[in-house]
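With the hints as extra help, turn the sequences into a complete structure.
Per the working numbering, the very first residue in the sequence shown carries number 29; after that it's consecutive.
If you're looking for bench data, these hints aren't it; they were derived computationally from the structure. Careful, some of the hints might be misleading.
What the hints assert, rightly or not - Under the rule of at most 30 Å between Cα atoms (straight-line distance), these lysine-lysine pairs were calculated in the DSS-like manner:
1. LYS217 / LYS232
2. LYS176 / LYS198
3. LYS203 / LYS57
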Amino acid sequence: TIVSVAVDQTVYQTDRSYDYLVPEVLAEKAKPGCRVLVPFGNGNVRKTGMILSLSDDYGFKKLKSVISVLDDEPVLNDEMLKLASYIREQTFCTWYNAVRVLLPPGINYKVRQEYTLSENAGNLFDSLNGSHRQLAEYMSRLSAPVTKETAYNALGFSPDCELMEKLVSKGIAVKSGSAVRSVGDASLKMVRLTEAAEDLSCVKLTPKQKQVVSVLRELGCCSVKELCYFTGFTAVVINGLVKKGIADVFEQEYY
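Structure (structure tokens):
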């Protein structure tokens, strides 16, 4: 299957739809209106794109393959895709800018550049010194890819330095891109009682802490914000219960 894709972050002069091959494993998910992650340009930089149409005729062209399909179901229907085409023609914007107008901001994707050590990096460590070696050793202790910003912050390097790029050019590090939502789901700080709250005979609690325990026994679990609102107490009371092992505070994600 061949897909025609509107690629994000293209300039107006080179903006058009680009054809990509769909691997067999992604054939069922690749539908018009779904977003994809594709390699683009001479450096095969990973970019997001929107599938505009499908076909099975590629005219014997040498095509790159779609890396992944980002949506389980189309986020734009046929009518919306036609509207995107109309917007592009009338306003002289790029294909993906026209697509982005039709998408809620909360579901937009951005490509995050991540780095890992190459398979033969260990053989090249002796050629490194100073900051380059420090960065490579830091990456060797990690079990997952790391962004340049995270690595630089951990080691106190300037965000403008090119240490990571030099490791890539030496074949010590490998750069890859993954699509992440521009706006993540929100999280709420929740509180609940622990097993230790079943027997409080040996624990000394303040009157306020006793009232909080009583509320949590009735509700089971609630947000810290709501608990403070209904009791009139501050989070200091809840933190006191956490220190005594009576309550547990945790983050709960919600859409």
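Hints, verified against the model:
1. LYS217 / LYS232: Holds, because 25 Å separates the two Cα atoms, which is no more than 30 Å.
2. LYS176 / LYS198: holds (16 Å)
3. LYS203 / LYS57: OK: LYS203 and LYS57 at ~26 Å, within 30 Å.
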